[in-house]
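So the sequences go chain by chain: A and B. Quick note: the first sequence, position 151, residue 151 per UniProt numbering, numbers continuous. Quick note: the second sequence, position 127, residue 127 per UniProt numbering, numbers continuous.
Check before you lean on any hint, since a few could be wrong.
Claimed, not checked - Sample of chain B residues at the chain A side, in silico, Cβ under 8 Å:
#1 Glu399
#2 Gly404
#3 Val405
#4 Ile410
#5 Gln412
#6 Glu526
#7 Val528
#8 Leu530
#9 Ser533
#10 Ile534
Read the hints as simulated data drawn from the structure, not as lab findings. Just so it is clear, CB atoms sit at the ideal spot from N, CA and C, and this is done for glycine as well.
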Amino acid sequence: MTMKIMVAIKRVVDYAVKIRVKPDKTGVVTQNVKMSMNPFCEIALEEALRIRESAAAASEVVAVTIGPSHSVDTLRTGLAMGADRGIHVDSAASLYPLSVAKILRKLVQIENPSLLILGKQAIDDDCNQTGQMLAGLLNWPQGTFASKVVLDKEKQVATVDREVDDGIETVCLNLPAVITTDLRLNQPRYATLPNIMKAKSKPIKKFTPEELNVEIKSDLEIVQVTEPPKRKAGIIVSSVDELIDKLKHEANVI
Amino acid sequence: MPNPNGRATLGFRLRSLRRPTYPPLFPSATPSSRFTLHGKCNDVVRREYHQVPSFFNSLTNFSQTRIWGVGIQRKCYGSIAGLVQRNPGFSKLNDDDVRCFEAILGAKNVVQDEDKLVASNADWMHKYKGSSKLLLQPRTTDQVSQILKYCNSRCLAVVPQGGNTGLVGGSVPVFDEVIVSLSSMNKIISFDKVSGILVCEAGCILENIMSFLDNEGFIMPLDLGAKGSCQIGGNVSTNAGGLRLVRYGSLHGNVLGVEAVLANGTVLDMLKTLRKDNTGYDLKHLFIGSEGSLGIVTKVSILTPPKLSSVNVAFLACKDYSSCQKLLQEAKRKLGEILSAFEFLDGQSMNLVLNHLDGARNPLPTLHDYYVLIETTGSDESSDKQKLEAFLLGSMENELISDGVLAQDINQASSFWHLREGISEALMRAGAVYKYDLSIPVEHLYNIVEEMRSRLGNTANVIGYGHLGDGNLHLNISTPHYDDKILSQIEPFVYEWTSKHRGSISAEHGLGLMKANEIFYSKSRETVQLMASIKNLLDPNHILNPYKVLPHSLIS
Ligand SMILES: Cc1cc2nc3c(=O)[nH]c(=O)nc-3n(C[C@H](O)[C@H](O)[C@H](O)COP(=O)(O)OP(=O)(O)OC[C@H]3O[C@@H](n4cnc5c(N)ncnc54)[C@H](O)[C@@H]3O)c2cc1C
């Protein structure tokens, strides 16, 4: 039996970029700012590739991105990392987790993957909802915050270690299933030149939300985006006495 | 259980990758006595030293003594440090001196505490160690002026110190010189967003200036591995080259003005903020690269380029050195205006980094003999990337590149840079290191590495890396311990070889103490003599950074 893995990837402001809030407080500045693949999505894709490479446990890895036309660049990165083909759902509208989950559900119905891997969250909106909503919509089991994934192809079961507050929780999922990835799952590979070259000829299928019959709307309204309050600069005290004095009289903590 | 959430935690991961943390200045490992100045070399010193003339040398004696300079360094293969004797012309520090400095600076900025002096007495490599009893921390140009005026009148020797990351023993005292640290002069004075001209005090740490400029949408025209500690005053004084020189040129072009204090306390205000100013001799250049031997740099004005939004970094493997060289030629043509760095490391450098540097990971699936890091900086992400990709794929087809990776995000780019920038640190962790910083015409550049390797056999790990785009090789010889026998195999061979190929024995690190006597390998007698005359003119008592830069025979 051949097995297909679908991975969702998102283009976000590179996490090493210092975020600036727009003066009108409607969002963050994205113009002339370096955009890259969401790091958790990179980890998701890496995991899919490793599963494909390990004893041919999967035959195909399909990378999906939803977003404006530039998202194709990110998709190409995914293909250069090793995904077999791509799907781009072209939408310039603001997307919220529920819309994304609905689009992904449609694509699952078209592609029929046995496993869906997503990042646990995107570092732009930090929602951490898409994977869970998607599992709900599909009525599939979910293993979120995965720090280890072991796949049994024969039994069609995925064993997932999850990072939870009091340690590691291990869950067994019957396939098909949804997995979302945590930071420590793996270290993603780099895009090598031969693979970048190959990626240029890999197919990318295009859809629009309308073609998939998904209406993009949101019940949320963003009221305001502001920067966190600036921390006051610290001071260097010159003696223990001065420290005690300040703790007593200025900080009023002792 | 830590739950890494989004940007904040990831940011930490990046920072820990990007910033090499240097080993503390004074670990328990003690450098071999050869490199401390009162070591076992003293016998050699005495035998050789009688030839060196006395301190207050008149100008007319120079041509005579110069010959000795050559003679000495040819005859004695030992470390230069071992050859120096304290100049008896210098006074010894006394309590009155200290009181006087306290009156100028306030007691807090006059440091005598031995523990605090330890770090300032030893260099970054733990190779050179002085025994200064006094560290001064002026906060203003006027204080620097008063300090120098006093030292000059008392004939107290002075070593100007910036971030103390210099690699040639220039930034630490040789004996008991008073250390004048610029660290407290760390204010940014002005920044003009239209012209990109920054004026700041000499003690500003390079990385702090970089982050200041980043907020303004500009970058420094220089970048180097020591950015977290080195100061702009130190960079200017060593005419530091670094990683962006191939794009933005040297500090002789980018520094527009300097304020410097001469040995007698005179403040030279040459702090212009003009790109063009042809009025007489451009004396600021005397202070760029003179390693604190002519004056103390207190302020700098510097031209900074705008920060461009699109930066791409590729890490490549080449099968042989000649491919690296051809790749450079091609890159200059095909990447043209967007090429911002072309760095080179050999397989031995890579192994060293992978074995000794935290967080280092080979970006390529296999090991190779030669690696090149290419960075492009431009204003249009998609066209820049296209251009670079086309160049790289083309070079792969031509077999100039055997494998390679292209960073897909800033983190990946940083981790490629980490490999190149972390070599110095990895060398430090690997044991003893002999560092040579050579300019050699690119086509011969790697030959010296191979010759050195066959000379030393398996007694040492010889590695070559550097700024290939500028014809600058860092030849480093790593051994478990410092060893005179190995040193005698390296020097003077390395200098002779470089001289024969019309190279420079110091591309960017300067001469410092390490190579003061070797200057003739790269400069003619007449030139060096003029340098000595300038030194005599500006610092007649030779109190500024003694024993460094110029041959001891001329300046003793
Ligand atoms: C990891 C590492 C990487 C490096 N990479 C490079 C590189 O790529 N390119 C390169 O060129 N160099 C490099 N260097 C060496 C480089 O020379 C220094 O890092 C830097 O330029 C010196 O600055 P500093 O503030 O540390 O000066 P110091 O080390 O304190 O001093 C250097 C010299 O300048 C003098 N000096 C310092 N400040 C002043 C001042 N205000 N006025 C007058 N004289 C002064 C000192 O007396 C001394 O002679 C590297 C060093 C390290 C440790």
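Now the hints, each set against the structure:
no. : hint   : in the structure
1   : Glu399 : 12 Å, violated
2   : Gly404 : 4 Å, holds
3   : Val405 : 4 Å, holds
4   : Ile410 : 4 Å, holds
5   : Gln412 : 6 Å, holds
6   : Glu526 : 51 Å, violated
7   : Val528 : 46 Å, violated
8   : Leu530 : 47 Å, violated
9   : Ser533 : 46 Å, violated
10  : Ile534 : 41 Å, violated
Taken one by one, the earlier hints fail for this structure at numbers 1, 6, 7, 8, 9 and 10, listed in ascending order.
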